[in-house]
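Peer 1: Residues in the sequence shown are numbered consecutively from 82, following our numbering.
Be aware that a few hints might be false.
[Claimed, not checked] List of simulated lysine-lysine pairs, DSSO-like, C-alpha gap at most 27 Å:
{"no.": "1", "residue 1": "278", "residue 2": "117"}
{"no.": "2", "residue 1": "278", "residue 2": "261"}
{"no.": "3", "residue 1": "160", "residue 2": "118"}
{"no.": "4", "residue 1": "160", "residue 2": "213"}
{"no.": "5", "residue 1": "252", "residue 2": "160"}
{"no.": "6", "residue 1": "117", "residue 2": "261"}
{"no.": "7", "residue 1": "261", "residue 2": "118"}
{"no.": "8", "residue 1": "261", "residue 2": "93"}
{"no.": "9", "residue 1": "291", "residue 2": "278"}
{"no.": "10", "residue 1": "252", "residue 2": "213"}
{"no.": "11", "residue 1": "278", "residue 2": "118"}
{"no.": "12", "residue 1": "213", "residue 2": "93"}
{"no.": "13", "residue 1": "93", "residue 2": "117"}
{"no.": "14", "residue 1": "160", "residue 2": "261"}
{"no.": "15", "residue 1": "118", "residue 2": "252"}
{"no.": "16", "residue 1": "160", "residue 2": "278"}
{"no.": "17", "residue 1": "93", "residue 2": "252"}
{"no.": "18", "residue 1": "117", "residue 2": "213"}
Keep in mind the hints are simulated off the structure, nothing from the lab. All values derive from a computational prediction rather than experimental measurement.
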Amino acid sequence: MRKAPRLQQHHKDARLEFARNNMSRHWDQVIFSDEKKFNLDGPDGFDGYWRDLRKEPRYLSRRNFGGGTVMVWGAICSKGTVRLAFTSARMNSQEYQNVLQDNLLPFINSFEGNEVIFQQDNASVHVSRSTKAWLQANSIATLEWPACSPDLNPIENVWGWLVRQIYSQDKEYSSRNELKEAIERAWHELTPQMLSKYIHSMPNRIFGLKREETLSIIKP
């Protein structure tokens with residue numbers, strides 16, 4: 082499981098502010114996005130995902146050797162998945178905007194006037210001046226997201242599920258194209274029930290942040 086991000090006090094404050102501002106959010110309206118690296122020879126290490134603390138965690142073995150990689154951008158909401166995009170290892174703002182143009186925008190347009198909001202983290206290409214201008218020009222509202230908070234994003238659960246599918250039985254891949262095909266196959270196997278479960282875990286994630294605040298207040 083991925084290690085929890087190292088949080089400074091201003092990170093904790095921002096996460097609590099996020100919780101306060103989103104207690105009554107309709108999460109079915111949010112499209113969650115992220116990038117993920119996949120290796121030909123297996124996952125980087127313990128793959129992270131949010132889980133109910135009452136349940137046992139699942140772990141993946143760590144590999145210690147290198148190999149080729151595939152970078153992918155993906156997005157989900159309670160109504161389905163956005164088409165995957167395979168990107169360069171070091172995507173710039175223009176490439177990111179092209180990804181949104183070709184993949185996110187058609188998906189949003191299919192909602193036919195229903196209000197949606199787009200979630201992305203604070204990577205530099207996401208918050209660059211040109212990307213902000215592109216989002217504004219295309220009337221895409223974004224969710225203000227706290228830094229160092231991958232644990233709040235339900236797409237992390239999706240990546241974890243994909244990793245378990247793609248690398249089951251210590252599967253390795255001989256080419257990037259073979260790995261891309263496996264990623265796309267697994268992506269298309271995601272069910273509406275799975276997506277709904279992950280999206281509807283958001284209130285519990287928010288409650289967890291509020292609980293952290295309460296514990297910090299009462300801690301002697």
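Peer 1: With reference to the structure, classify each hint as holding or not holding.
Peer 2: Hint-by-hint comparison with the structure:
no.	hint	result
1	278 <-> 117	holds (21 Å)
2	278 <-> 261	holds (26 Å)
3	160 <-> 118	holds (25 Å)
4	160 <-> 213	holds (25 Å)
5	252 <-> 160	violated (31 Å)
6	117 <-> 261	holds (12 Å)
7	261 <-> 118	holds (11 Å)
8	261 <-> 93	violated (37 Å)
9	291 <-> 278	holds (21 Å)
10	252 <-> 213	violated (40 Å)
11	278 <-> 118	holds (24 Å)
12	213 <-> 93	holds (25 Å)
13	93 <-> 117	holds (24 Å)
14	160 <-> 261	holds (24 Å)
15	118 <-> 252	holds (16 Å)
16	160 <-> 278	holds (11 Å)
17	93 <-> 252	violated (38 Å)
18	117 <-> 213	holds (22 Å)
The structure fails hints 5, 8, 10 and 17 (numbered hints given earlier, in ascending order).
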